[in-house]
Amino acid sequence: MALFDQWVLTIILFWPLLAAIIVLFIPQDQEDRIRRFSIWMSMVPLILSTLVFVDYGVRFLQGTGGLQYELQVAWIPQLGASYHVGADGLSVPLIFLTALLTTLSLYYSARTIHHRVKEFFFLFLLLETGMFGVFMALDLVLFYVFWEVGLVPMFFLIGIWGHENREYAAIKFFLYTLVGSVAMLLAFLALYFVTGTFDIVKLTEIKPLAGNLWLASLVFFGIFLGLAIKVPSWPFHTWLPDAHTEAPTAGSVILAGILLKLGAYGFLRLLLGILPHAFAYWGWVIVGLGVISIVYGAFVCMAQTNLKRLIAYSSVSHMGYVLLGLGAAGVALSGTVSFFDKNSAALAIDGALLQMFNHGIITGALFFLVGILYERAHTFDLTRFGGLSGKTPYYYGIFMVAGFASLGLPGLAGFWAEFFVFRGAFDIVRIWAAIGVIGVVVTAAYILWRIVQSVFLGEFNTEWEGKLWDMTGFEKVTLWPLVILMFAIGLYPAPLVNFFNRAAVELLTQAGFMF
Amino acid sequence: MDGLLFLIPALPFLAFVLIVLFTNQDQKVSAGLTIGATAVSWLLGWYFAFRAFFDPHGVAEEPIRLSIPWFPGGYSIFYTGFQVDVLTAVMLFMVPFLCFLIFVYSVGYMEGDPRFSRFFAYLALFATGMLGFILADNLLLAFIFWELMGVCSYLLIGFWSFRKPGETHIDHAQVKRARAASIKAFITTRVGDTIMLAGMVLLYAMTGSLRWSEILAPETLEKLADKIVSMPVFGVAPWATVLAILIFWGAIGKSAQFPLHVWLPDAMEGPTPVSALIHAATMVSAGVYLIIRTFPLFHVVAEGSNSAMWFVAFIGTFTALFAATIGIAQFDIKRVLAYSTISQLGYMFAALGIGAYIAAAFHLLMHAFFKALLFLGSGSVIHAMHHGHHVSHEHGHGHEELPIEFNPNDMRLMGGLLNKMPRTAWTFIAGGLSLSGFPLITAGFWSKDEILADAWHGGHMIVFWTLAIAAFVTAFYTGRQIFMVFFGQPRSEAAKHAHESPNSMTVPLVILAVFAIAAGWVGIPETFPGLGAVVRGWFQSLMGAQLEALHLEHETLPFNAAPLLISMTMAVGGLFVAWLIYGRKPLGYEDPLARPLGGLWQAWHNKYWVDELYQATVVAFAKWLAHFLYNFDDRWVIDPIVDGVGRYGRRFAGAVRRFIDEQIIDRIVNGTAWVSNVLGEFLRQIQTGQAQNYLLAILITVTVLIVLGIGVG
Amino acid sequence: MVLQAIFILVALFTIGCALMVVLHRNLFISALFLIASFFGVAVIYVLLEAEFIAVAQILIYIGAIATLIVFAIMLSRGMMTGRTSPRNAQALWAGLGSVILGIALLYVVAYRVQWPVVQKDVPADAIARLGSALVGRYVIPFEVASVLLLAALIGAVMIAREKEV
Amino acid sequence: MIPLSWFLAVSAILFVIGFFGVLSRRNAIAILMGIELMLNAVNINVLAFWRYTQPENPAGLVWAIIVITVAAAEAAVGLALFIALYRLRTTVNIDEVDLLKG
Amino acid sequence: MVSQLIRLLPELILVITAIIVILADLYARRRTARWLLPGVTLVGLAASLVAAFVQWAAREPVAFTLAADSFAYFFKMVAALVVMIVVLAGMDYMRERTRFLGEFYALLLVATLAIYVTVAATDIIMLYLGLETLSITSYVLTGFLRGDKRSNEAAVKYFLYGAAASAVMLYGFSLLYGITGTTDLQEMAKRLTSGEVMGSLVWLAWPAVVLVTVGFGFKASLVPFHQWAPDAYEGAPTPVTMFLSTVSKGTGFAVMARVFVSALPALSEYWLSLTYGLAILTMTLGNLVALRQASVKRMLAYSSVAHAGFILMGIVGISAAGATTPFSGIDGVLMYVLAYAITNAGAFAVVAAVEDGAGGASFEHFSGLIARSPFLAAAMLIFLLSLAGIPPLAGFAAKFFVFAPVIRQQYYVLAVIALVNAVVAAGYYLKVVKHMFFVEVNPNGAISLSRGMEIALWACIVGIFAVGIFMNWFAWLATGSAAGMLGM
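Chains as they are written, first to last, in our numbering: chain A, 833 to 1347; chain B, -8 to 704; chain C, 2 to 166; chain D, 24 to 125; chain E, 3 to 490.
Where hints are given, some of them may not hold.
Computed list of lysine-lysine pairs in BS3-like fashion (alpha-carbon distance at most 27 Å, straight line) [what the hints assert, rightly or not]:
(1) B:K167 to B:K614
(2) A:K1039 to A:K1174
(3) A:K1174 to B:K167
(4) B:K576 to A:K1174
(5) C:K121 to E:K192
(6) B:K487 to B:K576
(7) B:K167 to A:K1299
(8) E:K151 to D:K124
No lab work stands behind these hints, which were simulated from the structure alone.
Build out the structure end to end from the sequences listed, making use of the hints.
Written out as structure tokens, the structure is:
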């Protein structure tokens, strides 16, 4: 068990990298071998992360929480930076999600990518390592390294296998993210000079710069910029519609499903964890940006005629809930509002975390679905579809589930996130939360009006006669796990909420929140 | 046995899952599954309901419970489960039973539909929603089922929003309408639901719980009533009021009260059993049920402008009259009923608003029976009209010249159906009388009278008179409907060829008719002369137990003849006037009132143009905003910069292509893109290739720096 | 006083020759003025009692460098006499800048700064000291300088060789 | 005794004249001459400092010798390059040599 | 004496190797010479590298105007390493273009030797001589392709610029000599700090620093003394460009760091403000022009100018207090020079390969490189990402170590400007990546690589990953080296 404890994360982390390197040595023309090999290899982290998920759950029931599976090996001892990985209630589900979505994406891509196959699978596996790394890293330098490692493969995924405007989107994605990450690096350095360490756990204990609001704010916004661009929060979101729209299906799935979560995860791990005071002081900024993102993103969705772009903007809106929840917790921490329930801050964070997880599943599924349609029709233009519900009932059914989950229908995963976020936020930042509620309505409107009505209802466009067929076996296999998860979480969110709630409470307690 | 409580909603859900996953292809099995599951739920439901009826006080004090921990929330654990108290029992008596009848009826009505199985799957899911909703022991779980109903209504209203190959009984226009109606229903109710969600989370935050037993406990309510919140625009109010009003918005949406009533009439685009289901047993009742359930929250601040009660009363009363008047001027048989539903629901809210808890519950129950009856009856009529239309076509009579387009729902094309389909007609008339509150014998009379009596007794004169007028209008349009449909001469070939519907449809009608008349007798007030002694206000004492458990005072009203007489007069008078106008002489295709009333009629006929108003304001604004923001995002901010780069590029560098095509990267520097380009180009050009130019740069740099240094130092 | 007068004369001569170097149209004449200027500098060295360097100056600068330059001018015949202007387009700016820089330097070096001058004589064994420095402390520079000369020689020969790939 | 600053002044003037030559002459060889003037100016500086501040330390002399040596090496390489240039283009006018730019 | 000579072993090895190369060139047959000369050069460099490495930790007193400190040995190692890469990558390139191979390698060795003595010099005379030796050999190397107009033009311009710039620097040196009365750097520092030379001499400090900086700036190609660089880099034979843009430039920084930090700490107020301004100018202008280049080679040239600005950040951020601890600024310079040298050497090596294979180095010649030579494209990608500072590559470690001191000194404006520049730079690197990977061309015209080039590229790649991942080791080396210079 001790071995498992120490090494499981490392194995999960580097397994895809190993697989990627092996892929490099498989001859280019043996495409099937590359595909099968990659998928099978990606099963290993999936199984292990499931195991970790279950194991963490068991520990949870036994009463042990907090950081588990820690491993710390000296790396740059003179800087106090080390290879330090670990997982807690925040990261365990996200690690699982990463493994799941990657495997599904690989599986889906095996049938849909026929061009430069070797590079694709190599990059995808590399990307997986990068994403794992961010969720596991407990050291700022390590965090930054993996943060950037994920950037490059995604750049290529968009740039090589994307759609018409792919180069533009890829470069925009890369540069935007780079701005943020370099700013983040500067902030990390500033933190280092205050504390002399890069270790997140230590920093969380030290809570540096508590007395120096000016510098703390500077550091805060350095990190904030990096995270907010990744999330993405309005007004740093403009890279996202392009990147999502142009990326290949699997790329969009990962981009929306995981990469955006990296930013949100950072908010908790870095900002709330290390700089609780600044986080509290600027909580209202996060709340404000979150609410603007919610409403703005939702309204922009209504005006879209490009299906994929619509889903992309919906991500802006949905990630706004995350920010709202996190910001509300920040405001609660600041102590400037006195009336709220003691649980609200934790609940708001629960909501944000749930939204991260659920958005990963739901939007992942939606992007798969959009990709499936594109495979057949080669267009994203909403206005050219119609009446698909009769032609492709299976597809319609799955899409409806994902769509309803996306608009926060109770009984499906998305609802819980909204409920918790609003439960927390309404108690702390009422007016903002009330404005945010508009987004919920508009979400329903664009899902139904823009998507369902345009694509599934109405007259069938004879242009597609005989060209659109219903979902095939592998597509169903790709989507069913996600659909099942939507229902499972929707009906019984307890396992997930248990993790998140514990983590949220721990974070808040560490941050000095008085219960 | 208490453990089986969960089966009541679970069984229909199981049926839904089984149909979707396995029996989709077999229509009979699918229908059988749904009906069988509902039947079992019905029996189980009645078991629990009667347990409550026999021991009202015991159950009210100690509800039958089933509860499990759900999830942690901060530092507390959220429990969830089902419970049966007296109020639930009353609903449990009505809901599964009505569902069962409607489902049986659907077998006949939906026969031959290519998506027959799916229809039953949706029905089962709908039943799940409603049953779960009434059984839930906390607001959150209730909300989940509540939304589930929303989805089902969306699915069912839009059931005909697309055609499968070979489906001929629905036309293109209908598809379009169904599609719009379903989305409208979902989104409109979603508006209310979202506000309610806000209320719910606030309530949760304020009280730390959402279980009925905890949030409605007197000490919690006291706290909420004492705490004052100050809001922008709305001013200062106790929390209880704010929360109540927020939650009430959910009911406004679901129960189609003004101003969120617009979806309900359109919802008639769904198959008729769906309308019956929505209007009687489930969806709209849910809204009223929710307010009855949370009544203590409303009631805790009962007096003054700070009370949520007056808001409820106002919305209810206004809607009651508002919708009733619209009902006068509709031609679609189902739309008339739809507006009557809105109006009747307004009654119930008005009752709640004036504190008439029992009356509201009573009317809810009665209304469910007779409205189900009316809808199913109208469905039977439509079915017959449709059939008649086909028959007339087949027999070559099809080419009749009608001044208006054929529509099986259009009452102007009916007439004289009493003889063609007597069972439908008589049951429908029974329901109609109940709706119009025909004195003494009908259920509707007793429930409506109870409300009016309460209003009179409580001194709410505005409410009373408005409701009384609404009662008159109700009786009038019901009469109008009955006379237009069943009496006089058939006004189309279809009506001529119509004939009675199959048994699976008429049997439920008959059963319902019995209830529509007789069910009301359980609520004859104890103080009512003569009859009261027989029944002894059974229903009132039953609900009284519930009120006592909630620590609310419950008094038996003294008998007062004035409201009774006024109510009777209104009902009978309305029917009489209807007869005068519609029953006495043969009707044409134009409404006799249209000309004399002129603009007023137009306002009624066009539903006060509320839809158009929304279209022109809310919807238009939302669309405008969406496009504005989209343009802002994609066109106005980023593209102009790119364009600017291009323009200046042409002017300055003369290398347009390169500028636009290759300078993608420059976009990242957005605002500085232009500057950097020009600067970059400038710098590139001072790289002249002349070594001496470069050296001059050294000279200049050195000179400037040294001179500056001397100047400073 | 005499020394000062001599210095002024030599300085004026040197500067005048230098000016002619940079101003004269004829490259060949420029080169001759350069030699003259080098000579003037050598005299200044003598005034500084650095006779050894003065000798080196004459040997290397006049004997080697100036000769090289003249050879180069001969080799690139045709450029000798300026049919076109000997000055480039930026000469004006260069002149202006040079004058300002010169004034600034003069201001600082010769006017602003009070040099801490020590009244010492040059030791009699100055040359010997130089010699021992070159094999002592400065042995490495000495060696490197020889390597440099060798490398420059190799490089110059390689580049200046007649055509042969 | 001649003041130190006189030497420095001559040096500065010589340096600037040399620099001007470098900047203004078109002919590469003329430019090289300018550079030689600059180096001579430096040498005057160095020797003047040597003489007036620490005549006992031979560093200044070493410096001057090294500078002369470097100048010689530089001149050799430079002139070789100019000759090659002349061979390739039949010009040594440096402002006509601008293949590489931008 | 002997022990001191041992300190000079790396230099001696180089001299001996150079002599062997010349002799071998005289006597070996032409066919043999082809591999023998670079072989001997490589062996000599490797031996020299080992010799430098072994003595890295030496704390010998200064002798013969040369310091035997770890700072110097660090640069010697970098120089030896990079020149080895240059030789490997340039073997075929040069063989095809000139027959004076003996001269080439000998001069390369002398240039390396010049770097060795320059970075170790503790005396202005030695410093000047070393720099001039480096410059003069570089002129010859740049103009080595005597039949090539561009090579010759590059050399002429480089020569004129370099000669003038070093004359200016020398004038500055003479002023420093005048102020302090010594040519020894340590002595200079002592006299300046002890206040012996105060008073009106202060007037000269600023002009002296400015004039001296011209020479350093020329070597390190700082804006506005950079303009020779792109032209020279473009015209020079690509292996020489590799040499110039990496170690030759690095030498400029080594000298700057040594002179400023060890000789002029008392004047830090002058040179700090000067380098601060130059850093901003250099990185910004370098990037802006790089953005507008059509040739990859020239773009890399400008990017190397921009990188000089980043390296300068290390000097700006120098904190005298913490030289023995990481992030002293000087170690940033060292890390950056190391990382940048191996990366840029690799990048230019790829350019050389593409020039050979595709006939040019414009962006179009890089189009679809992934299809024509996956290895070359992948290698170039790694180099570009490293230049952009993406972890876990060397460039990241380098950026990390130069950003850190700037942050420590709280020069936030500089940090933010550097941030923006880092992103702009990434922008034009991505342009190359875009051409290499996103543009589809027909895959014929595959580019084949020589063995030497392959080894060189692999060496760069391995080095880049090693520096990035085992940052601790290199950081330790750099920090130790920085401390060595300050005599701690």
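| request: Given the hint that K1174 of chain A pairs with K167 of chain B, test it: the Cα-Cα distance must not exceed 27 Å. | output: Violated, because 50 Å separates the two Cα atoms, which is more than 27 Å.
| task | Could you grab the alpha-carbon distance between K487 of chain B and K576 of chain B and see if it respects the 27 Å cut-off? | result | 19 Å, holds
| Does the alpha-carbon distance linking K121 of chain C and K192 of chain E stay inside the 27 Å limit? | 23 Å, holds
| task | Could you grab the alpha-carbon distance between K151 of chain E and K124 of chain D and see if it respects the 27 Å cut-off? | result | 14 Å, holds
| query | Holds or violated: are the alpha carbons of K167 of chain B and K1299 of chain A at most 27 Å from each other? | reply | 24 Å, holds
| message | Between the alpha carbons of K1039 of chain A and K1174 of chain A, is the straight-line distance 27 Å or under? | response | 22 Å, holds
| query | Can the restraint linking K167 of chain B and K614 of chain B be considered satisfied, given a maximum Cα separation of 27 Å? | reply | With a Cα-Cα distance of about 20 Å, the restraint between K167 of chain B and K614 of chain B holds, given a limit of 27 Å.
| query | Quick one, are K576 of chain B and K1174 of chain A close enough, alpha carbons at most 27 Å? | reply | This hinted pair is violated, its Cα atoms lying about 72 Å apart.
Of the numbered hints stated above, those contradicted by the structure are hints 3 and 4, listed in ascending order.
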